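A.B. asks: If you want the building blocks of each chain, they are given just below.
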Amino acid sequence: MPAPRTTGMQLRPPRHRYDRRVVAWWRWSAIIWTAVIALPLVVLGIIIAPARVWLLGPAAVVIVVGGGLAVALPLWWYAKHRWEVTEHAVYTRTGYFWQTWRVAPMSRIQTVDTTRGPLQRAFGLATVVVTTASAAGPVSIAGLDDAQATELAHELTIVTNATPGDAT
Amino acid sequence: MNGAEDLATSAATPPGEPEVETDWLILDRRTVLVTAITLFAVFAGSSVLIVVPIWAQSEAGPAALAWCVGGTLAVTIGSAIADHLRWRTTRYRLTESRLEMHSGILFKRRRSLARERIRNVDLTANVLLRAFGLVRLSIGTGEKVSEGDGQTIVLDPITRAGGERLRTDLLHRARTDTGTGADADSAPALASWSPQWVRYVPLSIFTLLIAAGAAGAVFQVAEWFGVPGLPVEWAQTLADRFGAWPALLGAVVVFVVLGAIGLTALGLEAWWGYRLERAHGTLRVRRGLLTSRSISFDEARVRGVDLVEPLGIRLARAARLDVLATGLSADAEKQESATLVPASPRAVPVAVAERLLGEALPGLSPHPRAARNRRLFRAGLVVVGLVAAVGVLVGLTRPTAFWTSVMIVAAIIGSVVAVAVAVDGARSLGNALTPDHLVARRGSIRRSTVALSRPGIIGWRIRQSVFQRRVGVLTVTATTAASRGRYSVVDVGEGAGLDLADEAVPGLLRPFLVSAEPMGADTESAGTRG
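Each protein sequence line maps, in turn, to chains F and Y. Position 163 (the first sequence) corresponds to 163 in the working numbering; numbering is contiguous. Residues are numbered in the working numbering as their position in the second sequence, beginning at 1, plus a constant of 1000.
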């Protein structure tokens, strides 16, 4: 007995894409993670001759999978990751395999932060983190231009400060 | 003043009786005695466990006894002195606007809670505190503070009368409708303990865990007494005498019965004398056979209820009720401090839920067939995994015919359970909207029906995996400040799920919804991929 009362609505994508540089950032993150796992295996494989097959084999698998993800995943993600801030809410869409839409109303926002990881900074990017009183985790927009992120955080702070109540 | 005469004097005029509200008050002095007795009992008890085996097995008995007696006395006296210092350095007072506490021997600690932010006042008293007429008071603002527990003041201990009065003063402030006196026992009970409910206590997974623990303990004790092989010999003897299968089943039955008895004892201790009261905008749970507990929830912080039906309890047509409240951590669920009604005939928690919600629990709309297929598919993976595991184990270890058949039987039972849980879990899924609440049900081994206050929803998280996308379902999660922080409607049809979220909090999701054109989503993602 499928849903009897559906009105046939669906979620539209949020308006804005992430900054284009996010692709390079994701790609380098993937490359670095792959290297962090694969390098020790390769080095050990060269040093320890008897176990060479058992070390270099997994290393090859890690490199192939990690390299493949480094090429394809950032493009898939870039196509799917979107964000939007309206007068009343922050709306994001993230993920490819597990696509996630988040909506946080302005009236329930508790804090607005910007964060910049070292690699992120190298690409001139920043993350805007919007927390509510829920333990479901913050809503983050992890791929904005540095200056744009600062400005957005500032605007959000003004809007949320203007809203009374303890946001629970 | 020595300890003995202090007992008499403080019983007559207990400290902690305020004359003027802003006076600094002290804890009850008998805490020193309570601490000393507690530690003496613990150490004397473990001394017996240490000395008896040594005495029995070697010449070192008297020496061990001397060490244990000396150690027990040293710890008892030391802890009494430490507690005396703590007692002397702890001060608290209740002013017009704040509750303040100063404490600490080396590091002075000052805590101050604004009275209008105090939400939890919990009283607990173990057997010893009760014998002295004392109570431990824990006072909190009900806010989640990750660093330390700076938002909680613990008064350990004060007199029971003083504790009750302080609780009333703190929780009923600003509700000037009624006087604060004499309501402790006259508040109407929403539910109260029935001794028959004890039969639901052992119907829990913990019975099996305690049973497994008891079986493990047999080996542990055997090892302590230097005969680690003994249980194996017993098992061998039993198997020889009764046959392998009867011996195995008999052992399982015996340990499960032991587990049930142990759990029932724990349940009786925790829930004896249970009573749920509602007065002055506060919900109060009182319970406990040996340790008495009083847990209060400010109704302004309540965001709904969770009707929990673990499998065993559900089969007996029973259920329990948990509260969803802001400032209540997810751990509260494990410690039973979020429980409003313990496992009891389903009508009881349902009636309490409906009183608290102010409306009837509605009938639920089922979820699409795809939700059932997803669960059956996962059960299929479990079955394949079990068959493969048995195959590999038998192939590699070449066990005896008996153990091979045990593994096969276990795999068959596991498979049947996996499929049954899948079908039952799919049947559990359901959702509904009432005028004030979003109701969502899920789970088989732990079926949970959450009724979340619609104004308590502070956002949405909608998630769809690639597998869900292919069959047109998604998971709608309401985020909230209460308890777990998020409650999900799992594997609901795409359209129905979005409609539900849209309707539950008017205006929040609507700006982001468009009418579906079947090809719309595809062209959008295809266009942006390149």
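Check before you lean on any hint, since a few could be wrong.
[What the hints assert, rightly or not] Here are the in silico distance ranges between beta carbons for each label pair:
1) V1406(Y) x P50(F): 50 to 58 Å
2) I1408(Y) x P50(F): 37 to 45 Å
3) S1515(Y) x P118(F): 40 to 48 Å
4) F1107(Y) x E151(F): 39 to 47 Å
5) A24(F) x A1300(Y): 44 to 52 Å
6) A24(F) x R1470(Y): 45 to 53 Å
Worth flagging that the hints you see were computed from the coordinates, not collected in a lab. Owing to the predicted nature of the structure, the values given are computational and were not obtained by experimental measurement. Glycine included, every Cβ here is placed at the ideal spot set by N, Cα and C.
A.B. asks: Take the hints in turn and mark each one as holding or not.
C.D. replies: Against the structure, the hints:
| no. | hint | verdict |
| --- | --- | --- |
| 1 | V1406(Y) x P50(F): 50 to 58 Å | violated (39 Å) |
| 2 | I1408(Y) x P50(F): 37 to 45 Å | holds (39 Å) |
| 3 | S1515(Y) x P118(F): 40 to 48 Å | holds (45 Å) |
| 4 | F1107(Y) x E151(F): 39 to 47 Å | holds (44 Å) |
| 5 | A24(F) x A1300(Y): 44 to 52 Å | holds (50 Å) |
| 6 | A24(F) x R1470(Y): 45 to 53 Å | violated (31 Å) |
In the structure shown, a violation is registered for the earlier hints numbered 1 and 6, in ascending order.
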